[in-house]
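**Q** Sequence:
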Amino acid sequence: MQSKTRYEIYLATAVLAVGAVTYLFWKRKSRLLDAVDAFSYINIKIVTNERNCDEAVNELRRRCCDYNALGFDCEWVTDHGKRKPVALVQLSSSDGLCCLFRLSSMETIPNSLKDLLEDEKIYKVGVAANDDGKYLFQDYSVKLKSTLDVRYLAELCGLEPGGLAVLSKNLLRIVLDKSWRIRCSNWEADELTVNQKQYAAADAHVAIKIFEYLLKEYRFKSMMKDLLRLSKKLSVDDICQKYADIGFKQKSRKVAGDIPKESKLKDVRVSKRYVLRSKPLYQNCFLQAPDGDLLCTCDNKKALWYVDKGLAEVVGGEPLTVRLRFEPAGRSVGEVGRYYAQPKANRCVVCGATNSYIRKNVVPREYRKYFPEIMKEHSSHDVVLLCAACHQRSNARDQAVRARLAERARAPLPAADNARETLDVRKKKVKSAANALLYQSQKHELPEERRKVLEQIILDYYPQHKEVSEDVLKEAVELCVVQENVDYESHGMKVVEYFSKRDGGLLALEQMWREHFINVMKPNYLPDLWSVKHNEERLWIKWSEGRLSENDLKVIGARWS
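Using UniProt numbering, read the sequence shown as starting at 1 and increasing by one per residue.
Hints may contain errors.
Claimed, not checked - Straight-line Cα separation of at most 30 Å, DSS-like style, residue types lysine-lysine; simulated pairs:
hint : residue 1 : residue 2
1    : K84       : K427
2    : K301      : K134
3    : K427      : K452
4    : K376      : K533
5    : K134      : K197
6    : K369      : K494
7    : K554      : K542
8    : K197      : K84
9    : K428      : K474
10   : K197      : K369
11   : K145      : K169
12   : K143      : K121
13   : K82       : K114
14   : K474      : K554
15   : K114      : K145
16   : K134      : K249
17   : K242      : K121
18   : K84       : K143
19   : K145      : K216
20   : K344      : K249
What the hints assert, rightly or not - Computed Cβ-Cβ distance ranges for the label pairs, DEER-style:
hint : residue 1 : residue 2 : range
21   : S432      : E407      : 34 to 42 Å
22   : Q399      : R173      : 34 to 42 Å
23   : L446      : P414      : 21 to 29 Å
24   : L526      : L446      : 54 to 62 Å
These are computed hints drawn from the structure, not numbers from a lab. Since the structure is predicted, the reported quantities are computational estimates derived from the model, not experimental observations. Just so it is clear, CB atoms sit at the ideal spot from N, CA and C, and this is done for glycine as well.
Build the full structure now, drawing on both the sequences and the hints.
**A** Structural data, given as structure tokens:
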């Protein structure tokens with residue numbers, strides 16, 4: 001009996017020990033790592049001449065033989081809205097060699113690099129690699145071949161395809177540095193900074209690591225599915241060849257859990273004042289620059305307006321694609337530009353419901369309407385779709401932020417006795433009586449007693465008249481029954497004035513509302529590249545292109561000069 005008890009104690013201790021080790025292992029695995037720390041093993045080689053290029057290409061070819069794939073990315077400079085030739089090509093092997101080919105420092109592309117990029121047997125993997133290939137062809141006549149968008153592999157594995165940073169975080173638990181200051185920095189500089197080198201290398205290397213992860217994941221799932229059939233192991237070509245050199249288009253599909261069950265909505269009683277949109281808001285037509293560069297998505301009406309005015313021509317039908325006949329003021333730059341160029345899904349960004357939705361202004365209009373035009377023009381980033389239940393819940397939770405802003409900026413919220421306009425009840429009564437006597441009596445005869453009551457209301461207001469004439473009635477129906485409240489102070493205006501005079505400026509107010517929306521609503525379906533710092537990044541690009549003045553910077557609260 002005693003030995004049995006001792007055995008049970010040993011067994012329980014062993015189970016607890018295994019559990020503790022498993023928990024610690026899981027906790028360590030689930031911890032997010034910064035890309036610089038996670039990729040400390042990367043060997044970065046800067047290539048600026050033909051001899052170094054030949055050596056680097058030979059080494060990359062030798063190291064990529066396991067998968068016949070290399071991580072790929074490009075960087076370039078945008079000057080005054082126009083893209084300059086590709087300045088940097090990044091290629092990385094899975095084991096950590098990352099070569100940065102500085103095309104801006106070379107007179108021509110060396111043949112060894114051109115041959116590698118055009119080699120059909122080696123996949124160049126990344127996100128939107130096919131688009132970068134178009135730029136290489138435009139700039140250097142290089143026909144990039146066997147590009148592979150890793151988002152296709154994510155879909156194969158049943159995962160939600162996101163951008164490179166999203167996939168890196170979700171799959172590898174590695175956080176990429178997507179600082180717009182680095183993304184939009186000078187890639188043609190004589191010397192790249194340490195941050196530029198790390199950023200460029202991480203983008204290419206994380207692409208090949210995501211590719212490697214998803215390939216193993218898909219092979220494992222296929223093996224488990226075909227276990228009884230003793231199927232042969234799938235080769236890289238078996239999985240990837242059909243997606244080579246094809247630009248990624250996200251499928252319109254329903255993923256389990258995307259659409260909430262009706263029971264989830266029962267706890268929220270939706271007000272009848274919500275007018276639901278049943279037709280799609282996003283029609284996802286494409287608007288191109290004269291050279292075919294994608295500028296943004298838009299609706300049919302806007303696209304065809306350009307065509308009707310002779311400013312554009314239709315170049316594609318499904319989806320509708322129009323190409324401008326003039327050079328636009330600005331081009332799509334960096335992730336800000338890619339946000340407006342990507343198709344948007346017609347669904348609630350919180351719960352994923354697709355049956356009906358309402359526009360939600362993440363930054364409420366009562367504040368945004370007082371923003372300077374430079375912060376509002378051509379910017380729809382903060383207009384998202386919510387179902388009625390989520391919209392009502394979001395509006396209710398906005399009230400706490402409005403109250404905090406009211407206290408902070410000493411900007412009282414509007415009350416019933418402090419409206420912008422006040423109603424003159426007496427004048428309204430006189431106007432209504434005049435309308436009844438002048439117009440209603442023409443349609444049907446008023447009872448004599450009712451007529452006398454109405455006429456007395458008119459005479460009480462116009463004591464100088466002894467009887468109610470048609471002229472008096474015509475004057476009465478034109479009475480203005482509302483008047484401006486001279487004591488009224490706009491809450492929204494006072495809050496905007498408060499922030500515009502303090503560090504951080506209006507950008508801080510904008511970011512506050514976006515963070516609030518994310519924190520309280522926890523949206524699961526925001527568009528890729530939606531960012532709490534969106535306007536700051538967009539305006540920084542404009543400033544770097546010389547399209548903002550010092551006064552503009554002061555008003556919005558930027559400190560870049």
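**Q** All the hints need checking, so say for each whether the structure fits it.
**A** Against the structure, the hints:
no.: 1; hint: K84 with K427; in the structure: 66 Å, violated
no.: 2; hint: K301 with K134; in the structure: 29 Å, holds
no.: 3; hint: K427 with K452; in the structure: 18 Å, holds
no.: 4; hint: K376 with K533; in the structure: 14 Å, holds
no.: 5; hint: K134 with K197; in the structure: 24 Å, holds
no.: 6; hint: K369 with K494; in the structure: 12 Å, holds
no.: 7; hint: K554 with K542; in the structure: 15 Å, holds
no.: 8; hint: K197 with K84; in the structure: 20 Å, holds
no.: 9; hint: K428 with K474; in the structure: 14 Å, holds
no.: 10; hint: K197 with K369; in the structure: 41 Å, violated
no.: 11; hint: K145 with K169; in the structure: 28 Å, holds
no.: 12; hint: K143 with K121; in the structure: 14 Å, holds
no.: 13; hint: K82 with K114; in the structure: 25 Å, holds
no.: 14; hint: K474 with K554; in the structure: 53 Å, violated
no.: 15; hint: K114 with K145; in the structure: 11 Å, holds
no.: 16; hint: K134 with K249; in the structure: 17 Å, holds
no.: 17; hint: K242 with K121; in the structure: 13 Å, holds
no.: 18; hint: K84 with K143; in the structure: 18 Å, holds
no.: 19; hint: K145 with K216; in the structure: 23 Å, holds
no.: 20; hint: K344 with K249; in the structure: 11 Å, holds
no.: 21; hint: S432 with E407: 34 to 42 Å; in the structure: 41 Å, holds
no.: 22; hint: Q399 with R173: 34 to 42 Å; in the structure: 37 Å, holds
no.: 23; hint: L446 with P414: 21 to 29 Å; in the structure: 39 Å, violated
no.: 24; hint: L526 with L446: 54 to 62 Å; in the structure: 60 Å, holds
Going through the hint list in order, the structure does not satisfy hints 1, 10, 14, 23.
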